[in-house]
Structure formats: structure tokens, C-alpha cells
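Heads up: the sequence lines are chains C and X, in that order. Residue numbers for the first sequence follow the working numbering, beginning at 1 and rising by one. Residue numbers for the second sequence follow the working numbering, beginning at 151 and rising by one.
I should point out that these hints are in silico values taken from the structure, not numbers from a laboratory. Worth double-checking, as some hints may not be accurate.
Computed list of lysine to aspartate or glutamate pairs in DMTMM-like fashion (alpha-carbon distance at most 25 Å, straight line) [what the hints assert, rightly or not]: (1) Lys181/X - Glu135/C; (2) Lys181/X - Glu95/C; (3) Lys33/C - Glu166/X; (4) Lys227/X - Glu342/X; (5) Lys30/C - Asp40/C; (6) Lys32/C - Glu134/C; (7) Lys33/C - Glu163/X; (8) Lys181/X - Glu133/C; (9) Lys90/C - Glu187/X; (10) Lys32/C - Glu95/C; (11) Lys156/X - Glu43/C; (12) Lys32/C - Glu135/C; (13) Lys156/X - Asp51/C; (14) Lys181/X - Asp92/C; (15) Lys181/X - Glu141/C; (16) Lys30/C - Glu163/X; (17) Lys223/X - Glu257/X; (18) Lys156/X - Glu95/C; (19) Lys33/C - Glu176/X; (20) Lys261/X - Asp224/X; (21) Lys33/C - Asp48/C; (22) Lys90/C - Glu180/X; (23) Lys30/C - Asp224/X; (24) Lys324/X - Glu95/C; (25) Lys32/C - Asp21/C; (26) Lys261/X - Glu312/X.
Fair warning: this is a prediction, and the values are worked out from it, not measured in the lab.
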Amino acid sequence: MTDINPKYIELDQEMSDRSLDQSPVSLLEKVKKEGRVWGDLCEQYGVDNPDPPWRITLEATCDVLADGYWSTFNICKPKDERNPEEESKKLDAVERRWEEDQLVSQHYADVPFPESQLMALAHTLIRRGLMSEEELARKMEEVDRRLNSA
Amino acid sequence: MAEKHKPAPMVDEVSEFEVLEIAVRELAIEKGLFSAEDHRRWTEYMHTLGPLPAARLVAKAWLDPEFKKLAVKDGVKASLDVDIDWIGSMPTNFGTPSDYCNLRVMEDTPKLKHVVVCTLCSCYPRPILGQSPEWYRTPNYRRRIVRWPRQVLSEFGLQLPEDVEIRVVDSNQKSRFIVLPVRPEGTEGWTEDQLAEIVTRDCLIGVAVPKPGQTSNDPRPVHPAKNPYKH
Chain C
1 MTDINPKYIE LDQEMSDRSL DQSPVSLLEK VKKEGRVWGD LCEQYGVDNP
51 DPPWRITLEA TCDVLADGYW STFNICKPKD ERNPEEESKK LDAVERRWEE
101 DQLVSQHYAD VPFPESQLMA LAHTLIRRGL MSEEELARKM EEVDRRLNSA
Chain X
151 MAEKHKPAPM VDEVSEFEVL EIAVRELAIE KGLFSAEDHR RWTEYMHTLG
201 PLPAARLVAK AWLDPEFKKL AVKDGVKASL DVDIDWIGSM PTNFGTPSDY
251 CNLRVMEDTP KLKHVVVCTL CSCYPRPILG QSPEWYRTPN YRRRIVRWPR
301 QVLSEFGLQL PEDVEIRVVD SNQKSRFIVL PVRPEGTEGW TEDQLAEIVT
351 RDCLIGVAVP KPGQTSNDPR PVHPAKNPYK H
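Please model the entire structure based on the sequences and the hints provided.
Spelled out as C-alpha cells, the structure:
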């Protein structure tokens with residue numbers, strides 16, 4: 001016996017029909033090509049922690065994107081009373097996960113988890129227009145300079 | 151002695167992926183998608199999570215028939231006995247952003263085995279079980295466990311007799327599930343701590359059963375889905 005969520009079939013169709021831009025993102029292709037995954041770093045440095053140190057912060061980013069404004073805004077309110085400006089910033093958890101499945105299978109199948117989750121999230125944010133590829137590239141340069149300045 | 155202290159090995163290198171994770175987060179904050187304070191509170195909360203409370207809940211239920219009745223009837227209330235407050239201790243103080251405040255504890259019997267999935271995405275009872283494993287998130291597991299549960303469980307090393315019914319429970323935004331397995335033979339007289347040690351994450355998802363001497367999860371292979379997303 002299987003108790004399947006009755007929304008599954010409906011959402012399956014809806015998400016399969018979505019026209020998410022599936023084209024590759026140059027910046028992320030570069031990360032995929034040049035980035036060193038956690039498993040390789042662990043092997044080189046003799047570390048046995050199965051997860052990279054950023055896994056929890058990545059999960060937290062996904063959670064707060066899903067309802068990042070819960071503390072002050074919408075979640076307690078009926079949908080029609082929610083702040084539309086804040087609502088537009090939302091990245092619904094189910095939609096993000098479906099897009100992750102699609103993007104990973106298409107572009108990041110050879111990237112291990114959770115690196116693949118990170119790549120899919122960045123891809124989704126860019127394709128949804130929540131941040132641009134150029135902005136993200138600039139921010140990565142800034143972070144890289146900062147982290148490697150010591 | 152200081153000269154005898156050997157520091158644990160560490161990764162002395164910043165990877166492109168680490169840079170990307172930080173850049174995505176900081177840019178999202180700059181653009182007002184969420185606040186740094188919201189992220190900090192959520193991260194701190196996530197760092198407190200793991201599978202031990204769920205293992206303790208099962209051990210308590212094995213030892214106390216009245217507690218078992220409570221766990222099966224009201225998982226959220228029973229969770230308070232293992233220090234998990236599904237509502238009050240969340241960063242929101244009213245549950246989680248996706249509103250899941252309903253933990254259901256599925257009791258196995260010798261003739262009934264439960265196994266948990268989330269066919270929609272990868273919903274998981276994180277407040278009481280921590281982060282989901284990679285294989286739980288894969289489309290391959292999510293699709294096949296509902297279609298061929300007996301075969302998939304056998305791939306996890308769990309061979310069930312034909313007369314054992316398998317019930318797959320599908321998580322959703324309002325409900326999360328853990329499995330209350332059958333207490334194994336050979337554990338008579340054990341303490342709660344001893345029992346909790348053998349209730350692994352995989353036992354709580356339902357792809358394994360507790361065994362004396364087995365206190366960790368077996369390595370699990372991850373398979374790609376044959377039909378990636380349109381099926």
C-alpha cells in the first residue's frame with residue numbers, strides 16, 4: 001500500500017510543463033570545470049568530515065529564500081493580505097527542488113552533492129532574475145580576494 | 151604536553167564552490183531577498199539538529215507502552231519528551247516556513263513495515279532527524295520506492311518476507327514521518343541509551359531495521375534516474 005501525496009500528479013505535470021530556461025550559465029560552467037569538490041579536498045588534506053563546512057549555511061540559504069521574510073512579514077497572514085513586493089522575492093521550496101532535479105540532471109550530473117545543490121540554486125536564482133550572472137561574478141571575485149588575502 | 155599535541159588535519163584551501171556559496175548568500179542579503187539576521191538564526195538552529203532525538207523517542211517507546219501510545223497518537227507532543235519542540239523552539243516560534251508542525255510516528259509490526267519518502271521534493275523531519283541523506287533526495291529513490299518498495303528495500307539490504315506488508319508514507323508540507331521499528335530480539339534488559347544507539351537514521355526512515363551491534367548507517371550508493379525529469 002502506498003499513501004502518495006495526491007498533489008503529486010498535478011504538480012508533476014505543472015512543473016514538467018514549466019518553461020524554465022535550461023541554458024547553461026557560463027559562470028557556473030567555469031566553477032564546474034575549475035572548482036575542487038569537497039571529496040577531493042578531503043582526500044588531499046586527510047580530512048574525513050563527509051560534508052563541506054558550508055553545507056548548513058547553504059541549507060539555511062534555501063530555507064530563508066523560501067520564506068526569508070517570515071519574521072516580519074507574510075507567513076502569518078492570509079495569502080491575499082501578503083506584501084506583493086516581498087512575495088515576489090520568494091523562492092518556493094518545492095519549485096526550487098524541482099528545478100534542482102532538472103538542472104542537476106541536465107548540467108550538473110557529474111558534480112557531487114552538495115556542490116550540485118549549490119550550483120542548481122545559483123542557476124535558479126540567475127534564471128529567475130533574482131540576481132544576475134554579472135553581479136554574482138563580481139561578488140565571487142570580491143569574496144575570493146577577501147578569503148585569500150591572508 | 152604542547153609538543154605532543156597534533157592538530158587535526160584541515161582543508162587549507164578555499165575552493166570555488168566555497169566562494170560561490172558565500173557569494174550567493176551575501177548577494178542575496180545585499181539584494182534584500184532575506185536578512186543577515188534571519189540567516190544567522192536559521193543557521194544556528196540547523197546546527198543543533200541531528201538524528202539522536204528521534205532515536206531516543208523510539209527507545210523510550212520500546213521501554214514505555216504508555217509513551218508509545220502517545221508517540222503514535224501525537225508525535226509533536228511526544229517529541230517534547232526528547233527535548234524537541236516543533237513549534238516553540240523553531241526560529242519562527244510558530245513552526246517552520248513551510249508550516250510543517252505535524253510529526254507522525256508510524257509503528258511497524260512483525261507483519262507491517264513502513265518506509266518514508268517525499269515524492270514531491272525531499273521533505274524530511276529535520277527538527278527531530280537532522281539533515282536528509284543524499285540518496286533520500288534523489289529522483290531515483292523518490293520514484294522507485296513508491297512503485298517497487300520491496301525491490302528498493304532489498305537494494306538497501308533489507309529483505310522482507312512476502313507476508314510482510316510494506317507501507318510507503320509520502321511526506322508533504324503539513325506532515326513529516328518517522329518509523330517506529332519493531333524492537334529487535336537480543337535487546338532484553340537494555341537501557342534507553344543502549345537502545346537509542348541501534349536506532350540509526352536509516353531505521354527511522356525505514357530502509358533498515360535495528361540490530362544489536364549495528365550503530366551506524368551502511369554506505370548507500372546513489373543512482374541517477376533513468377528518465378531524468380519528464381516521466
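Against the structure, the hints:
In summary, the hint linking Lys181/X to Glu135/C is supported, as the alpha carbons are separated by about 10 Å, within the 25 Å threshold. Note on Lys181/X and Glu95/C: the hinted pairing holds, with a Cα-Cα distance of about 21 Å set against a maximum of 25 Å. At roughly 10 Å between alpha-carbon atoms, Lys33/C and Glu166/X fall within 25 Å of each other, so this suggested pair holds. Note on Lys227/X and Glu342/X: the hinted pairing holds, with a Cα-Cα distance of about 19 Å set against a maximum of 25 Å.
This hinted pair checks out: Lys30/C and Asp40/C have alpha carbons roughly 18 Å apart, not beyond 25 Å. Proximity of Lys32/C to Glu134/C is assessed by CA-CA distance (about 17 Å); at most 25 Å being required, the pair is judged to hold. A hinted pair counts as satisfied when its Cα atoms are at most 25 Å apart, and Lys33/C with Glu163/X qualifies at roughly 17 Å. Straight-line distance between C-alpha atoms of Lys181/X and Glu133/C comes to about 14 Å, which keeps the hinted pair within the 25 Å bound.
As the CA atoms of Lys90/C and Glu187/X are separated by approximately 17 Å, the hinted pair is consistent with the 25 Å bound. Proposed proximity of Lys32/C and Glu95/C is supported: the alpha carbons are some 23 Å apart, at most 25 Å. Taken as a hint, the Lys156/X and Glu43/C pair is honoured in the structure, with Cα atoms around 19 Å apart against an allowance of 25 Å. At roughly 18 Å between alpha-carbon atoms, Lys32/C and Glu135/C fall within 25 Å of each other, so this suggested pair holds.
Pair hint Lys156/X plus Asp51/C holds up; C-alpha atoms about 23 Å apart against a cutoff of 25 Å. Restraint check: the Cα-Cα separation between Lys181/X and Asp92/C comes to about 17 Å, which is no more than 25 Å; the hinted pair holds. The hinted pair formed by Lys181/X and Glu141/C meets the criterion: a straight-line CA distance of about 17 Å does not exceed 25 Å. The hinted pair formed by Lys30/C and Glu163/X meets the criterion: a straight-line CA distance of about 18 Å does not exceed 25 Å.
Between the alpha carbons of Lys223/X and Glu257/X the distance comes to roughly 10 Å, so the proposed pair stays at or under 25 Å and holds. For the hint pairing Lys156/X with Glu95/C, the CA-to-CA distance comes to about 47 Å; that exceeds 25 Å, so the pair is violated. With a C-alpha separation of about 23 Å, the suggested pair Lys33/C and Glu176/X falls inside the 25 Å cut-off, and the hint holds. Distance restraint check for Lys261/X and Asp224/X: the Cα-Cα separation of roughly 23 Å lies within the 25 Å cut-off, and the hinted pair is therefore satisfied.
Between Lys33/C and Asp48/C the alpha-carbon distance is near 24 Å, which keeps this suggested pair within the 25 Å criterion. Pair hint Lys90/C plus Glu180/X holds up; C-alpha atoms about 15 Å apart against a cutoff of 25 Å. Among the hinted pairs, Lys30/C with Asp224/X is inconsistent with the structure: their alpha-carbon atoms are about 50 Å apart, more than 25 Å. Taking the CA atoms of Lys324/X and Glu95/C, the gap is about 17 Å. The hint holds against a cut of 25 Å.
Restraint check for Lys32/C and Asp21/C: the C-alpha separation of about 19 Å stays at or below 25 Å, so the hint holds. Straight-line distance between C-alpha atoms of Lys261/X and Glu312/X comes to about 10 Å, which keeps the hinted pair within the 25 Å bound.
In this structure, the hints that do not hold are numbers 18, 23, in rising order.
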